[in-house]
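A.B. asks: Dock chain B against chain A, hints included.
Spelled out, the chains give:
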Amino acid sequence: MMEKTQESHGRVSMLQRLGFNFYDVFVFLFVTIFALLCVYPMWYVLVASVTPYSEFVKGGLMLWPSGGVDLQYYRAIFSTRSFINSMWISASKTVLSTVSSVLVTAAMAYGVSKTHVKGMKVVNALVVFNLFFSGGLIPQYMLYKDLGLIRSYWVMVLPGMLNITYFIIMRNYYSYSIPKSLEEAALLDGCTEVGTFFRVVTPISRSMLAAIALFIAVINWNDYYSYMMFIGNKTNLQPFAWILRRMLVDQTMMNQVRKGAMSLGSQPPPPMALRMSTIICAMLPIMCVYPFLQRYFTSGITLGAVKE
Amino acid sequence: MSQKTSAIAQPVLNKRKTGFITYIKKYWFLYMLILPGFISMVIFDYGPMYGIQLAFKKYSPKAGVWGSQWIGLDNFQRMIADPSFVRAFTNTIIINIYHLIFGFTFNVFLALMLNELKFRKYKSVMQTCVYLPYFLSWVIFSGLVQVFLESPGTADSGGLVNQLIAMAGGQPIDFLKRPELFRGILVISSIIKTSGYSTIVYLAAIAGIDPALYESAAIDGANRKDALIHITFPRILPSVVIMLILQLAGLFLSNFDQVYNLYNNYVLSTGDVLSTYIYRISLGGGGTDFELSTAMNLIMNLMGLVVVGITNKYVSKLDVQGIF
Numbered sequence: 001m002m003e004k005t006q007e008s009h010g011r012v013s014m015l016q017r018l019g020f021n022f023y024d025v026f027v028f029l030f031v032t033i034f035a036l037l038c039v040y041p042m043w044y045v046l047v048a049s050v051t052p053y054s055e056f057v058k059g060g061l062m063l064w065p066s067g068g069v070d071l072q073y074y075r076a077i078f079s080t081r082s083f084i085n086s087m088w089i090s091a092s093k094t095v096l097s098t099v100s101s102v103l104v105t106a107a108m109a110y111g112v113s114k115t116h117v118k119g120m121k122v123v124n125a126l127v128v129f130n131l132f133f134s135g136g137l138i139p140q141y142m143l144y145k146d147l148g149l150i151r152s153y154w155v156m157v158l159p160g161m162l163n164i165t166y167f168i169i170m171r172n173y174y175s176y177s178i179p180k181s182l183e184e185a186a187l188l189d190g191c192t193e194v195g196t197f198f199r200v201v202t203p204i205s206r207s208m209l210a211a212i213a214l215f216i217a218v219i220n221w222n223d224y225y226s227y228m229m230f231i232g233n234k235t236n237l238q239p240f241a242w243i244l245r246r247m248l249v250d251q252t253m254m255n256q257v258r259k260g261a262m263s264l265g266s267q268p269p270p271p272m273a274l275r276m277s278t279i280i281c282a283m284l285p286i287m288c289v290y291p292f293l294q295r296y297f298t299s300g301i302t303l304g305a306v307k308e
Numbered sequence: 001m002s003q004k005t006s007a008i009a010q011p012v013l014n015k016r017k018t019g020f021i022t023y024i025k026k027y028w029f030l031y032m033l034i035l036p037g038f039i040s041m042v043i044f045d046y047g048p049m050y051g052i053q054l055a056f057k058k059y060s061p062k063a064g065v066w067g068s069q070w071i072g073l074d075n076f077q078r079m080i081a082d083p084s085f086v087r088a089f090t091n092t093i094i095i096n097i098y099h100l101i102f103g104f105t106f107n108v109f110l111a112l113m114l115n116e117l118k119f120r121k122y123k124s125v126m127q128t129c130v131y132l133p134y135f136l137s138w139v140i141f142s143g144l145v146q147v148f149l150e151s152p153g154t155a156d157s158g159g160l161v162n163q164l165i166a167m168a169g170g171q172p173i174d175f176l177k178r179p180e181l182f183r184g185i186l187v188i189s190s191i192i193k194t195s196g197y198s199t200i201v202y203l204a205a206i207a208g209i210d211p212a213l214y215e216s217a218a219i220d221g222a223n224r225k226d227a228l229i230h231i232t233f234p235r236i237l238p239s240v241v242i243m244l245i246l247q248l249a250g251l252f253l254s255n256f257d258q259v260y261n262l263y264n265n266y267v268l269s270t271g272d273v274l275s276t277y278i279y280r281i282s283l284g285g286g287g288t289d290f291e292l293s294t295a296m297n298l299i300m301n302l303m304g305l306v307v308v309g310i311t312n313k314y315v316s317k318l319d320v321q322g323i324f
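Residue numbers (our numbering), protein chains in the order written: chain A, 1 to 308; chain B, 1 to 324.
Isolated chain A (complex conformation) (with noise of 0.2 angstroms):
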């Protein structure tokens, strides 16, 4: 189709016979070139964790490991105790915190997208109030401490229970992606509401759990705030996010490293390459689930957003 037009035109080159013209070349430029500024930084800084200190210090591009690859930046910082632990403590929270976290919060937008329950509108305003309006950081830290929360690992945790934000996805994908007639006919058919709810909805709204499971997990997982904010100096609860922080800015905290790197036995590595190597550890589980992630969201952001 697009040949004849351009045919019309009197100008037709060897690329435009194949289907291509200088507006295909620009669309195919500019989303390759952005793509590029997306993913070239973490495989530069993969690779370049990976180089042997001689090629490191030469610096250059990185596109692929010259001269093999060398863990000793990986070893160098595992040797460092607080490492190991911070891995603990941020897997066993985002653990803990992703599975409290959707059992919690789907209940509730189950039970909530049934609007003509009494009271459940009511409900759904509160939460969603929530959004807009909050305490702010010093009186969630003054009821945190009245708590007892301050400086205890559960403040990563049990704040976060019900996440507002996929409270309102998930209410919407009960209100609007289930078949309503799906539902009473469970209930006509003398199923009651808990056997609707665990036989009937559940099994078909798993892989929408599932998708927004593996979101709340990346969430805890990169978080540091609540460290920062409500525990601050308690160096055996910092979470990985936050060894990586510290990593970035604090020189007490890299020269500690690099003495222990220095014991293991090599010439003092340089910062920005422990930098890397931290960030690929912080990187790698993101990783990990990202393929699972990329299959559901398209599908998981826009649910409930277009009304059918």
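Keep in mind that the hints were calculated from the coordinates and are not lab data.
Just so we're clear, the structure is a prediction, and the values are computed from it rather than from any experiment.
Heads up, the beta-carbon is just placed ideally off N, CA and C, and yes, glycines get one too.
Each hint can be trusted.
Cβ-Cβ distance ranges computed for the label pairs, FRET-style:
no., chain 1, residue 1, chain 2, residue 2, range
1, A, 194, B, 72, 49 to 55 angstroms
2, B, 266, A, 115, 50 to 56 angstroms
3, A, 79, B, 284, 26 to 32 angstroms
4, A, 252, B, 67, 37 to 43 angstroms
5, B, 234, A, 122, 37 to 43 angstroms
6, B, 42, A, 260, 43 to 49 angstroms
C.D. replies: Just chain B now, with coordinates in the frame of chain A:
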């Protein structure tokens, strides 16, 4: 069992006579389901609100929140008189406007361009690439920014960009400590991190366009660029407007995560935003001005609420679901 079934089958008939007990009996399970979330909401979302009174009080740690002395609007007067607050407030709005002008426009453009890619396989590879950075935290991302932009130090030759500048024979630039560059870094890093992900909404809208429209346009002699301008763009306009309104609703909100991880003392003049300032005067950086921090939070929240109230009205007027 049978009683319950009949109650469900004839809800209208029973509605008036149903007492409280019968109602609960019928729906107890739904109330049980929302209970944990409800308790969590009451404690962790509404619980802190008693602390808002600090905005009108002079906090003394001994007396606690309730026992501290009321001082009226003194905290708010201090807030308005505080030049750092005014600076943070202006910065917040300016940075948000930059995000709106550059970031928002770029998102729409990127979505259109992704859609115009001819080969499906290639398109999905590109999508995989551009969505990815969204899932990295700002801590990781600030690490990447540092790896690329840092100036040469004593122990290494600096970030990649400065290495390249040095190779080309130029002077290294200390990107991260130049106030005039900081907002640009915020906008660009945020485009790279979130633009890809933001296209999902638009691509979903594009996927819903009837292909027959393109076919008939092609028959009428339109090329792909014409189709983009006259078919695709008008069709996604509603989504664009909604996203625009939502973004406007956040005009007074600042991205703590991003700014906190990228800024430093050198760039406070252009980079300090409300959330980072609120943090610095209360819990971080040695400050303990709890009252001032609470007062600022309260004002921000109220202003945000007004904007959201207005925008939600407009969103509900469009043919889409509002947030409430």
